[in-house]
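Chain X is fixed; fit chain V onto it per the hints.
Quick mapping for you: the protein sequence lines, in order, are chains X and V.
Using this note's numbering, the letters of the first sequence map in sequence onto residues 2 to 661.
Using this note's numbering, the letters of the second sequence map in sequence onto residues 2 to 661.
Quick caveat, the hints were computed from the structure, so don't treat them as lab data.
Worth double-checking, as some hints may not be accurate.
Just some of the chain V residues that point at chain X, by a computed CB distance under 10 Å [stated by the list, open to error]:
(1) Ile25
(2) Pro598
(3) Val654
For clarity, every value in this text was computed on a predicted model and none was experimentally measured.
Virtual Cβ for every residue (Gly too), placed ideally from N, Cα, C.
Each chain, letter by letter, is given below.
There are 2 protein chains.
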Amino acid sequence: MPSNSDRKLAEIARQDDHISYKKIGHIPKRGIWHWFFGRPLASADAGHQTIGKAVGLAVFASDALSSTAYATQEILVILALAGMGALHLSVPLSFVIVALLLVVTISYEQIIHAYPSGGGAYVVARENLGEWPALVAAAALLMDYVLTVAVSTSSGVAQLVSAVPALLPFQIEIALVMVALITLVNLRGVRESGAVFSVLAYAFILLLLGTLAVGFMKYFTGSLPALVEPPEMELLGEASPITVFLVLRAFANGTAALTGIESIATGITAFKQPRSRNAGITLIWMAGILSTLFIGITFLSHEIGAVPSEFETVISQLVRTVFGGRDLLYYLAVGATTAILFMAANTAFAGFPRLGAMVAGDGFLPRQLSYRGSRLVYSRGVVLLALVASLLIVVFRARVSGLIPLYAIGVFLSFTLSQTGMARRWWKVSKIKPGKNKKGTRALQTEGEVLAFDRHWRTKMAVNSFGAVCTGVVMLVFVITKFQEGAWLVLLLLPVLMACFQAVHHHYKDLASRLTLEGFKVPAPIRHQKVIMPISGVHRGTLSALRYAQSLSKDVTVLHVAVDAEAGEKVLLKWQKWAPDVNLVVLGSPYRLLLEPILRYVRNAAEHRKPNEIITVVVPEFLPRVWWHSWLHTRAAQLLRMRLLFTDGVVVVEVPYVVD
Amino acid sequence: MPSNSDRKLAEIARQDDHISYKKIGHIPKRGIWHWFFGRPLASADAGHQTIGKAVGLAVFASDALSSTAYATQEILVILALAGMGALHLSVPLSFVIVALLLVVTISYEQIIHAYPSGGGAYVVARENLGEWPALVAAAALLMDYVLTVAVSTSSGVAQLVSAVPALLPFQIEIALVMVALITLVNLRGVRESGAVFSVLAYAFILLLLGTLAVGFMKYFTGSLPALVEPPEMELLGEASPITVFLVLRAFANGTAALTGIESIATGITAFKQPRSRNAGITLIWMAGILSTLFIGITFLSHEIGAVPSEFETVISQLVRTVFGGRDLLYYLAVGATTAILFMAANTAFAGFPRLGAMVAGDGFLPRQLSYRGSRLVYSRGVVLLALVASLLIVVFRARVSGLIPLYAIGVFLSFTLSQTGMARRWWKVSKIKPGKNKKGTRALQTEGEVLAFDRHWRTKMAVNSFGAVCTGVVMLVFVITKFQEGAWLVLLLLPVLMACFQAVHHHYKDLASRLTLEGFKVPAPIRHQKVIMPISGVHRGTLSALRYAQSLSKDVTVLHVAVDAEAGEKVLLKWQKWAPDVNLVVLGSPYRLLLEPILRYVRNAAEHRKPNEIITVVVPEFLPRVWWHSWLHTRAAQLLRMRLLFTDGVVVVEVPYVVD
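So here's chain X without its partners, still in its complex pose (with noise of 0.2 Å):
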């Protein structure tokens, strides 16, 4: 906890009276600001900042549930190429899907327990397989996430404007304006989202799941009424017949619908203790609500003869027809699906700038991503989160259809990454010999590790490899059967994405080993202070700014660049009065350059320095107090300093005379 180590500061001090500690308390800034974005959260209320299960399953689970919202829709816009005949597909599809999702949900369940301080696949891959391929997880899920906030988002606009098709021309403008909001929120930190959302989502799962009572209870007693007014049908490519390749393309769709199980694993630390277990539950409750939704959805939307359209949701068609119109419960349930889909974006604003924060705590992404807000948040990737989700929806013009085919690639290759990273880890634990579990490879130390000893590692390996493998084929599935579609550009960003990781990390490891204290030896302290101080006039600023010179070292030169011969005269004739026995040197410049001859100059003297002398070139700059005055001015100040930054041995001070 930083107060403890906070106590500890304090400590040290008090024992060096070097050292002296002093803590500055919260400083207030403006009114709006606070009301905006709530009052400063002290470090030390990060632990509180937690969640219970019931408040987890809304803040998490709303992203695997909210799948259910779009998954049987992108199935059916698949199997419609083939025509009518072929949507009944999408029932047995389901079931395939659904039970590919028990086999990620045990293994997930393994890795909460294996890895209560969060186990995402960045973490897992990083700890089992090495820093290669838990970059390539840390690239897909950040896609991912960025994915999920365009399709949730848009998804969501798509049910608002199936209940209220006025809204139909300004999709567009809608989902960005969610986005904002969403991000608004999450700038104000995860607790109160969570408070904001738990109503909503289970609004949600009770008003679906009723939905979907009243809808069986009439397939049973055969009074369930067939869709009145189809909308029309959406048609993604010119019609196929039935083909595998077609079936598995309608497949690959359909797995949105597992999307959002890692995030509970990755996110585990929002959880109240013990956390392991929370989240556990939390994850099985998920997983079993999901499976009866999106079985549910798929098994009525295909008795009622609901087609995928642009205008509709498949949602949408089904409850209308439950409940026989657009009654109330109809834009009830409509309503709350609409709101959990943007619980769902809300979800990857936890998640992507957590995850962000922690590559960049490895050093593989600028390390701003991982310091932290005035409220507890990382604020920085929550707004890079929001910037590039927009852009995504501009693109592909909030059509969830569009987005679909980039979507799932990366948390599949997440879940195959972090299976084969758990059979790995159980593995090395078959290895361990009891007692001895203190030494061993890295991943042994895990607090994790005690945990998983005494427990059957051989099945816990067999589960997770199996799972590896199916979720290894899925991928490849993707890969292949949407690769046209825009698979292509996840595989073409993946590696550029890995790159920059390369490029950022190679650059801190590189700044640290130059400015390494191993090794070194203090240089000899600076005996010498050459000032050198370019003048434009002869007034109180310069006077003040010679004085200020003056107090640095008694070896000062003053320049003068005559650019205008009549002017350089006055200026020299005053210097003689006002401060004679300082060195004044006058640089003709007959091509009435200004900052070029001081330069080489300073540059000059900088060469010739003896040793352990330093140069510091003293700039008087007239400040303005009124914003355009600076355009009666030039710059010479800045641009002095901005040239003679890099020049070795030489330091710019600007000294501003600020006049009022």
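Just chain V, lined up with the frame of chain X:
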């Protein structure tokens, strides 16, 4: 001459052993730059950068002469509103305008001799009428220079399009490209542009006079044909009967022919010695040619029945009718007309920056406008003019008839002011007692005064007064007849510009008064340097910064903000090892604020500083060699600098640690 007073500087330096004088030669820039803008010219060359009568006529007269290319058409476009029957009025109107031209020319003859050092309306008004009238003249002229560029370029393109109708759709683009080219030429300096253009100017004069000669020959021999295939007529509004108002409007449009007369008087310094004489003769030649062309064109255009049109200029109609078709001579004549119009724009590029520099020199415009670039040109003025003119061209879609209503008001306003000024001047001259003319008001000390005295001031005063009245009346006619069409804009901008002038002037005067050394006594030297150095970590960079800090003062305090307490601990321990005897203050920041604690600490220190103590904040800063590396570091140093700039008694020094 600068070179002399450079010698003077060296002289003074020799006598004072605290002062030394160095001459910095030309510092070479990249080759491409010189290829584009020419090699730098030394200030000493300024004198040689002058021109003779012949070139002078080409450079300065082009503005006035070129106006014959549209003046006639702009008269017709108004008269046309009263039907074809009214067009014959253009002939008498042209005679009235030429009479006016005569008056103005004579007045300017006197100005040229009275102000051999450049007597634009601004100077004359400043010398004789005071600040405000001078500024009015300046504002009026600056606006008119911009309009000259816009109108001439547009008309030039119109000629081009008449000859090559295929270019019709690209009028605006062509106009903008031309402005860009002229700008480039002018950034190279006046002499080159003079050389480039002389040929074309004389080609125009000869070809047009030739056309008229042939035209009149055919007219007197009765063989002058009527216009065949007249172009579609341009109508600016609904038809109206011949009213005095209409005729006055036509007259106002026609006086556009007088624009550019003043350019010689303004640009007089560009002439070879004897300036006044050369300039004077050039002016008379110009007036002569102008009158001939204008009356000739107007008369013959009427005889052949030319009509104002957007698709073919009157000149083009005249020339092809005279030469009986689009033969080689036609293309040569129209081509030369196009050329001289672009040269007219070029004249403004000489006048605008020169006037701008003059006004800036008096402190009514940003000083930068009075700095001459490496080619002795007031580069900033040139660029400014180009930008504003381009804007106008775009706004008015390069249509001459659209721009004309805004045009020439400024010219006549400045005419009136300079004439009045001259009249006032002669009146003052009349007060001079021979032999005593070295004392008296400012006006009496001008170079011109001596010449002035031994002539007949009464006649001159009469002439100028008459000129003032005429031009004054014409200006009123403008304001009344053109108000709706756009003159209001000019009348609106005039006061706005005046206000800007005053604001700028106030700032400079105010600043000067604050910085003046009148009654300033040098404050006691700074006794004590307190150095504060914030660090983010302990490494070679910070230690070398510390080395610098210690060279400034014994009193060095190092700050570390412990945002992350664990990291803070590391810093603390490292510090104890590497700089045990330097004071370190650790600021615990529970709200993860980085800058604020430092700012608070420094400001507090500044408030409680001793008299004659100054606080220097040394900020170690990492300087990335690779541009994108800067994204990987927080720019804390810069931010700190910005925030502390205005803090009293605090100076910020960035000590860069360049890594390579």
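Results of checking the hints against the structure:
| no. | hint | in the structure |
| --- | --- | --- |
| 1 | Ile25 | 4 Å, holds |
| 2 | Pro598 | 4 Å, holds |
| 3 | Val654 | 5 Å, holds |
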